[in-house]
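**Student:** Each chain, letter by letter, is given below.
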Amino acid sequence: MVKKRLFALALPMFLLSSAVAGTKKDTVTIGTLDKWKVLDPAKAYDVMSCNLMQNTLVGLYGYKPGSTVPEPALASSVDISKDGKTYVFHLKKGMIFTNGDEITADTVKKAWDRVFKLKGDPAFLLTGVVESYKAKDKYVFEVKLKYPFAPFLSVVAFTVAYPVPSVFPENSFFKGDKYPASGPLMIKKIKRDRYVYLTKNPKYFDYKNVETKKVLIRQYQNAQTIRLALEKGDIDMSSSLTTLDIRDFMTNPKLKEKFRVYVSPSFVISYIVFNVKKKPFNNPKIRKAIAYLVNRGEIKKFAYNDILREDLYSMIPKNMWGYKPVFNKKPDVQKAVKLLAEAGFTKEHPLKINYWYPAGHYGTDVEKEAQIIKSQLEKTGVIKVTVKTTEWPTYLDYMTKGVLGMFRLGWAPDYIDPDNYVYPFLHSKADASLGSFYKNPELDKLIEKARSESDKKKREELYAKIQEYLWKDAPYIPLHQTESAIVADKKVKGVTNDPVYPRYYLLHK
Amino acid sequence: MKGLLKYIGYRLLSSVVMVFIMVTLVFFLLRVLPGDPVQALTGGKAPPEVVRQLKEQLGLNLPIYKQYFRFFSDIFHGNLGNSIVTGESVKSELLERFPATLELALVSVILAAGGGIILGIESAKREGTLFDFIAKLVALSFYAIPIFFVGIVMQYIFGVKLGWFPISGRIDPLNEPDKVISGLYLLDTLLTRNFEGFVDALKHIVLPAFSLALVLFSVIYRITRGNMILQLKKEYVKAARARGLKERKVVYYHAFKNAFIPIFTLIGLQFASLLGGAILTENVFSWPGLGSYLIDRIGYRDFPAIQGAILFYAVIVVFISIGIDIICALINPKIKYE
Chain A
1 MVKKRLFALA LPMFLLSSAV AGTKKDTVTI GTLDKWKVLD PAKAYDVMSC
51 NLMQNTLVGL YGYKPGSTVP EPALASSVDI SKDGKTYVFH LKKGMIFTNG
101 DEITADTVKK AWDRVFKLKG DPAFLLTGVV ESYKAKDKYV FEVKLKYPFA
151 PFLSVVAFTV AYPVPSVFPE NSFFKGDKYP ASGPLMIKKI KRDRYVYLTK
201 NPKYFDYKNV ETKKVLIRQY QNAQTIRLAL EKGDIDMSSS LTTLDIRDFM
251 TNPKLKEKFR VYVSPSFVIS YIVFNVKKKP FNNPKIRKAI AYLVNRGEIK
301 KFAYNDILRE DLYSMIPKNM WGYKPVFNKK PDVQKAVKLL AEAGFTKEHP
351 LKINYWYPAG HYGTDVEKEA QIIKSQLEKT GVIKVTVKTT EWPTYLDYMT
401 KGVLGMFRLG WAPDYIDPDN YVYPFLHSKA DASLGSFYKN PELDKLIEKA
451 RSESDKKKRE ELYAKIQEYL WKDAPYIPLH QTESAIVADK KVKGVTNDPV
501 YPRYYLLHK
Chain B
1 MKGLLKYIGY RLLSSVVMVF IMVTLVFFLL RVLPGDPVQA LTGGKAPPEV
51 VRQLKEQLGL NLPIYKQYFR FFSDIFHGNL GNSIVTGESV KSELLERFPA
101 TLELALVSVI LAAGGGIILG IESAKREGTL FDFIAKLVAL SFYAIPIFFV
151 GIVMQYIFGV KLGWFPISGR IDPLNEPDKV ISGLYLLDTL LTRNFEGFVD
201 ALKHIVLPAF SLALVLFSVI YRITRGNMIL QLKKEYVKAA RARGLKERKV
251 VYYHAFKNAF IPIFTLIGLQ FASLLGGAIL TENVFSWPGL GSYLIDRIGY
301 RDFPAIQGAI LFYAVIVVFI SIGIDIICAL INPKIKYE
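Protein chains in written order, with our numbering: chain A, 1 to 509; chain B, 1 to 338.
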């Protein structure tokens with residue numbers, strides 16, 4: 001009896017189901033696993049926060065869609081002094097935030113004041129190279145550098161250098177989630193960890209070229225649900241799927257009818273690190289022997305469903321200028337065994353090592369990757385590998401304390417320049433943060449020279465030399481460069497899969 | 001009654017001590033275990049001197065005892081500190097998340113208790129029959145299936161294939177009530193007469209609530225059945241039947257009243273544990289509750305957020321368990337607290 005009554009209640013619910021308005025037709029809905037942490041250029045250093053700001057604010061410099069060369073945005077031009085230490089930016093006139101405030105050199109100066117004073121997470125990118133800066137005129141902003149720094153415009157194009165509206169407090173980080181926009185889109189409605197609703201900014205200077213009307217970004221807690229949401233039509237696109245699901249969208253004829261997969265190379269790399277101070281990895285012969293044994297193609301095939309990875313033979317990615325493949329392309333067991341023998345290890349007296357990877361942080365495929373690497377090394381009969389893992393914060397702690405000897409990491413760049421793939425890894429000033437503790441004064445000099453040289457050709461030569469050290473000393477073994485994949489409903493137009501940041505403002509239906 | 005008041009006073013006092021010990025333990029454990037908020041936040045990308053500087057900003061370079069005193073003096077001022085990850089006040093983050101958890105817990109407990117009790121009683125009445133056997137089997141299998149699996153299967157069938165229900169979130173973002181009254185969307189949308197929003201929120205809660213309720217249901221069913229079988233064999237039931245009372249009244253009123261206290265205690269405790277957030281269900285359905293908040297922040301070693309969430313949870317559990325005791329005492333005057 002009671003049960004019948006329950007059913008009677010439930011029935012009208014089903015009938016009403018079609019009455020829900022749901023998301024409107026002109027809205028492009030994106031599903032993602034990434035969460036934004038803080039919407040303040042002076043503090044934000046995570047992907048999602050930066051992406052949101054890159055779509056709603058503009059910097060002096062920026063990137064054209066698809067390009068990785070910084071180009072003027074708020075600035076109309078820049079004069080760089082001969083010694084490469086002074087940059088004079090000329091700002092465009094009449095650029096405004098949605099609250100009507102004009103963006104002048106003083107706005108930029110105030111924003112940088114905040115960065116220098118508050119010293120948030122990404123501040124070092126600016127404070128490390130900038131000596132002084134001032135608003136020379138209403139529309140002229142002058143920056144003096146500590147030393148000539150070739151990738152400086154790339155740093156200026158990163159959110160940390162963006163001018164911010166006056167609602168951002170002078171003496172503390174911004175705690176709100178809505179601010180006057182200067183970019184192509186503005187935040188209309190936002191709930192932490194749930195969704196961000198963006199609409200077109202009517203006061204954007206390039207308003208005509210923004211095709212987007214509304215973009216809704218929904219945050220999910222696992223990739224499985226995102227896949228179902230795509231199939232159900234709750235969302236139109238996502239770049240947060242697992243390789244297994246992406247493969248499904250590429251091959252399953254039913255899914256192919258409705259969806260398209262956009263694949264493009266990214267600047268994200270994956271690699272193995274050696275702590276060169278820790279035994280036995282302090283011996284370059286052992287590091288090199290391991291480098292000879294890694295078979296990148298096999299890893300791609302068995303750990304990553306044979307998609308979205310490209311073999312990488314240097315720490316600088318393939319699609320960036322300066323790339324020189326220095327590592328061995330084909331695994332060479334004989335050479336490896338010989339090196340190991342020279343280091344005193346044989347089948348009778350095998351080398352016992354631990355290999356670490358972070359649980360969960362790079363998805364579930366790294367677990368398979370670790371097992372494959374283990375089997376590749378053990379093929380020699382001379383190495384015995386124990387695979388170990390722990391969750392991310394513990395992993396980082398172990399890494400900086402030098403507990404980890406041979407371990408897996410990944411890198412996404414802060415600015416698009418070879419320097420960002422060399423300095424943090426090989427310069428002795430940056431050693432501890434990436435766990436290799438590698439120091440080489442000769443190389444330090446080369447790196448410093450390369451980042452201060454303004455002639456691209458000369459820089460290219462310098463990076464070629466630097467990469468040779470990478471192979472000679474092998475403190476790292478580059479594994480793959482990842483490709484990013486966006487799965488989108490065919491109705492969605494303007495999907496670009498941009499290498500620098502997602503262009504929400506180009507999406508439309 | 002006087003005994004009860006004294007008992008409540010005693011319980012409250014001992015709870016304060018318990019919560020204090022627990023929070024202290026969490027505080028020190030967090031700092032002793034490996035992992036550091038600044039590293040987790042910058043992902044190992046910031047140079048060492050920057051890491052040092054950021055630690056200083058957050059007061060993490062102070063000796064632990066100083067951090068501890070600061071933490072407690074903040075608590076006494078009703079301040080749980082600011083999240084290291086977002087910079088927002090932990091209190092407001094918790095208060096934003098809690099209604100989602102409460103709403104899901106309430107709905108699933110109502111579903112589970114309703115189903116579990118009714119089926120448990122009917123099963124007890126028919127002890128040993130085919131009906132009883134099947135009900136027992138069904139309850140057992142619900143209990144045995146992992147909850148996230150149930151969730152995914154329900155998402156696929158009722159969400160993707162049949163399209164009846166949304167598979168994630170609390171409400172369609174565009175239907176989100178602008179005015180927050182209680183934070184419970186089912187209530188708020190009704191209060192503001194936003195019926196479209198109400199139906200939307202109701203549809204969103206169906207799948208997560210059902211998948212959560214399934215597991216609870218089987219526990220409640222088992223304990224109801226067991227207790228009812230015991231009660232139905234007692235003399236007073238025979239007497240009631242002999243007096244010619246209707247069977248339904250005998251079972252649902254007289255016997256059930258006596259079987260009720262352990263069932264109620266169980267439901268109450270289950271409810272309390274759900275208020276800490278049903279992590280798996282929240283994850284599968286992207287339900288923005290406390291469980292996913294805590295897990296998320298542990299992943300960043302967000303000390304203030306973790307401490308705040310656990311304190312919040314401990315206080316809730318304490319109040320609910322005291323509440324259960326009071327209600328039990330009121331229902332059954334035979335229970336004496338000394």
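Quick caveat, the hints were computed from the structure, so don't treat them as lab data.
Be aware that a few hints might be false.
Claimed, not checked - Listed below are several chain B residues computed to face chain A (Cβ distance under 8 Å; list not exhaustive):
#1 Ile-167
#2 Gln-270
#3 Ala-272
Said to hold, decoys possible - In silico SDA-like pairs for lysine to any residue, Cα to Cα no more than 20 Å straight-line:
#4 A:Lys-449 x A:Pro-148
#5 A:Lys-119 x B:Ile-263
#6 A:Lys-277 x B:Gly-299
What the hints assert, rightly or not - A few chain A residues facing chain B, derived, Cβ under 7 Å:
#7 Asp-121
#8 Lys-175
#9 Gly-176
#10 Leu-228
#11 Lys-232
#12 His-349
#13 Ile-353
Note that CB positions come from ideal geometry on N, CA and C, so glycine has one too.
**Student:** Each hint needs a verdict: does it hold in this structure or not?
**Tutor:** Right, here's what the structure says about each hint:
{"no.": "1", "hint": "Ile-167", "verdict": "holds, 6 Å"}
{"no.": "2", "hint": "Gln-270", "verdict": "violated, 20 Å"}
{"no.": "3", "hint": "Ala-272", "verdict": "violated, 23 Å"}
{"no.": "4", "hint": "A:Lys-449 x A:Pro-148", "verdict": "holds, 9 Å"}
{"no.": "5", "hint": "A:Lys-119 x B:Ile-263", "verdict": "violated, 56 Å"}
{"no.": "6", "hint": "A:Lys-277 x B:Gly-299", "verdict": "violated, 29 Å"}
{"no.": "7", "hint": "Asp-121", "verdict": "holds, 5 Å"}
{"no.": "8", "hint": "Lys-175", "verdict": "holds, 6 Å"}
{"no.": "9", "hint": "Gly-176", "verdict": "violated, 10 Å"}
{"no.": "10", "hint": "Leu-228", "verdict": "holds, 5 Å"}
{"no.": "11", "hint": "Lys-232", "verdict": "holds, 5 Å"}
{"no.": "12", "hint": "His-349", "verdict": "violated, 33 Å"}
{"no.": "13", "hint": "Ile-353", "verdict": "violated, 21 Å"}
Violated hints for the displayed structure, listed by number in ascending order: 2, 3, 5, 6, 9, 12, 13.
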